[in-house]
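Okay, here's what each chain looks like letter by letter:
There are 2 protein chains.
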Amino acid sequence: MTSVISNLSISLDGYVAGPNQSIDNPLGEQGLRLHEWMFASAGFYRLFDEEGGEESPDSDLITRDWNRIGAHIMGRNMFAPGRGEWDMEWRGWWGEVPPYHAPVFVLSHYPREPLPMDGGTTFTFVTGGIDDALKRARAAAGERDVSIGGGASTVRQYLKAGLIDELTLHIVPITLGAGERLFDDVGDVKLRPTEVLASPAVTHIAYRPD
Amino acid sequence: MTSVISNLSISLDGYVAGPNQSIDNPLGEQGLRLHEWMFASAGFYRLFDEEGGEESPDSDLITRDWNRIGAHIMGRNMFAPGRGEWDMEWRGWWGEVPPYHAPVFVLSHYPREPLPMDGGTTFTFVTGGIDDALKRARAAAGERDVSIGGGASTVRQYLKAGLIDELTLHIVPITLGAGERLFDDVGDVKLRPTEVLASPAVTHIAYRPD
Chain L
595 MTSVISNLSI
605 SLDGYVAGPN
615 QSIDNPLGEQ
625 GLRLHEWMFA
635 SAGFYRLFDE
645 EGGEESPDSD
655 LITRDWNRIG
665 AHIMGRNMFA
675 PGRGEWDMEW
685 RGWWGEVPPY
695 HAPVFVLSHY
705 PREPLPMDGG
715 TTFTFVTGGI
725 DDALKRARAA
735 AGERDVSIGG
745 GASTVRQYLK
755 AGLIDELTLH
765 IVPITLGAGE
775 RLFDDVGDVK
785 LRPTEVLASP
795 AVTHIAYRPD
Chain B
595 MTSVISNLSI
605 SLDGYVAGPN
615 QSIDNPLGEQ
625 GLRLHEWMFA
635 SAGFYRLFDE
645 EGGEESPDSD
655 LITRDWNRIG
665 AHIMGRNMFA
675 PGRGEWDMEW
685 RGWWGEVPPY
695 HAPVFVLSHY
705 PREPLPMDGG
715 TTFTFVTGGI
725 DDALKRARAA
735 AGERDVSIGG
745 GASTVRQYLK
755 AGLIDELTLH
765 IVPITLGAGE
775 RLFDDVGDVK
785 LRPTEVLASP
795 AVTHIAYRPD
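These protein sequence lines map, in sequence, to chains L and B.
In terms of the working numbering, the first sequence has 627 at position 33, counting the first letter as 1, and numbering is strictly consecutive.
In terms of the working numbering, the second sequence has 651 at position 57, counting the first letter as 1, and numbering is strictly consecutive.
Okay, chain L solo, but in the shape it has when bound (with noise of 0.2 Å):
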């Protein structure tokens, strides 16, 4: 039965990227210091088909989780760093072979054909909004889960339509100081915390709602 989730990295002070995104700087200033725990995981490789990195209960985590994801959901910010019309040479960040193996459907306001990649990717631009998107997504997971993977305002207008199921944050014991907050503006959610795994690193806590 298909879950909709979402697996945030999040600082203290509740940031899941910095401030002043760019081509430069996809994740904001700072905004890799969050994911630093992700790339010491050998299972991060994996996604690209690549050695490195060490095995850990991070990094199996990152492997399970990934697995469990049939379909994904993301915004316009994620996929690529201009707005307006298409730039029809950009492709994403991820080079030919991005690690989602999978339909990956792309919020926009923007029609844009889809774009089949290698590895059994495809980027679907999907111009209706958040419940379409979600309803193609599930349609492509089948029994698998639908993850919602960014920003943080995609991620955010989800959350605010209660159409989350389960919302994974890793705490990174960091402050940022500025950027993208993942609880701004969302209206009163009530969790319960229904996984809580614990690394040196980092903690991870998986939650449902109340």
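Read the hints as simulated data drawn from the structure, not as lab findings.
What you are looking at is a predicted structure, and each value in this text was computed from that prediction instead of being measured.
In this text, a Cβ means the ideal position worked out from N, Cα and C, and glycines have one as well.
Where hints are given, some of them may not hold.
[Stated by the list, open to error] Chain B regions said to be covered by chain L (calculated; three or more residues, Cβ under 8 Å):
#1 663-674
#2 700-713
#3 796-804
[As the list claims (entries may be wrong)] Which stretches of chain L does chain B cover? Using the computed rule of at least three CB atoms under 8 Å from a CB of chain B, they are:
#4 648-662
#5 765-777
#6 797-803
[Claimed, not checked] Take a look, some chain B residues computed to stay more than 12 Å from chain L by CB distance:
#7 Y639
#8 G647
#9 W680
#10 E683
#11 W684
#12 G723
#13 G781
#14 T788
#15 A792
Model the placement of chain B on the given structure of chain L, informed by the hints.
Just chain B now, kept in the frame of chain L:
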């Protein structure tokens, strides 16, 4: 060996108290919601020599952490609702037998004679600033720990000064939307989790400086 510790309940959106603190709402609007897990715990009632609440891992944690403490430090706002010169009738929020059962150092700009209460608590008013209060609390604590009790701005001052050895966050899975944030304007904090305790209501994470 004395550690300087601080234990705070914090919402998903980073608030440790609600907005508009007043004599009717000492923890700010909605602020009591951060402490419901505590009010459900037998360990909380035991601090007041009362019966109530349930035995649970949360309750054990309260008892264990409280017993480590040999002296407390708190900001004036945690002791009293008023500002300016002291209202000498005010003897704290906790009645004649406060739950501290230990010396409590209250930061203030206004001198006042020490206030001995029943049950072993004495409130001592410190006008010399956070370093002076810590020095006096260390002397009073003996081998036990010094707790920085709150509110947010007091803990923030000690955190910014690098004086906290162990910060325990009780992560309450709700949003408050407004209030006092612990990690606003604390500079570049970098911690490492040293102990994680999961309960159905709340996730307790102890951090030390990295």
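Hints and how they fare:
Interface restraint, the stretch 663-674 of chain B with chain L: violated (0 residues with C-beta to C-beta distance below 8 Å; minimum three). Check result for the stretch 700-713 of chain B against chain L: violated, 0 residues qualifying (beta carbon to beta carbon below 8 Å, three or more required). For the stretch 796-804 of chain B, the stated coverage by chain L is satisfied: 5 residues place a CB nearer than 8 Å to a CB of that chain, which reaches the threshold of 3. Check result for the stretch 648-662 of chain L against chain B: violated, 0 residues qualifying (beta carbon to beta carbon below 8 Å, three or more required).
Requiring three or more residues with a Cβ within less than 8 Å of a Cβ of chain B, the coverage given for the stretch 765-777 of chain L holds, as 7 such residues are present. Against chain B, the stretch 797-803 of chain L contributes 3 residues with a C-beta closer than 8 Å to a partner C-beta. That satisfies the three-residue criterion, and the hint holds. With a least beta-carbon separation of about 24 Å from chain L, Y639(B) lies farther than 12 Å from that chain, consistent with its non-interface assignment. The beta carbon of G647(B) sits about 19 Å from the closest Cβ of chain L, which is more than 12 Å, so the claim that it is off the interface holds.
Chain L leaves W680(B) outside its interface by the beta-carbon criterion, the shortest separation being 35 Å against a cut-off of 12 Å. Remark: the non-interface label on E683(B) is consistent with the geometry, its nearest Cβ contact in chain L lying 38 Å away (cut-off 12 Å). The Cβ of W684(B) lies farther than 12 Å from every Cβ of chain L, with a closest approach of about 34 Å, so its non-interface assignment holds. For G723(B), the requirement that its beta carbon stay farther than 12 Å from each beta carbon of chain L is met, with the minimum near 24 Å.
Not every Cβ of chain L is farther than 12 Å from the Cβ of G781(B); the closest lies at roughly 7 Å, contradicting the non-interface assignment. For T788(B), the non-interface assignment is contradicted: its Cβ lies about 9 Å from the closest Cβ of chain L, within the 12 Å cut-off. Interface exclusion of A792(B) from chain L breaks down, the closest Cβ pair being 4 Å apart, not more than 12 Å.
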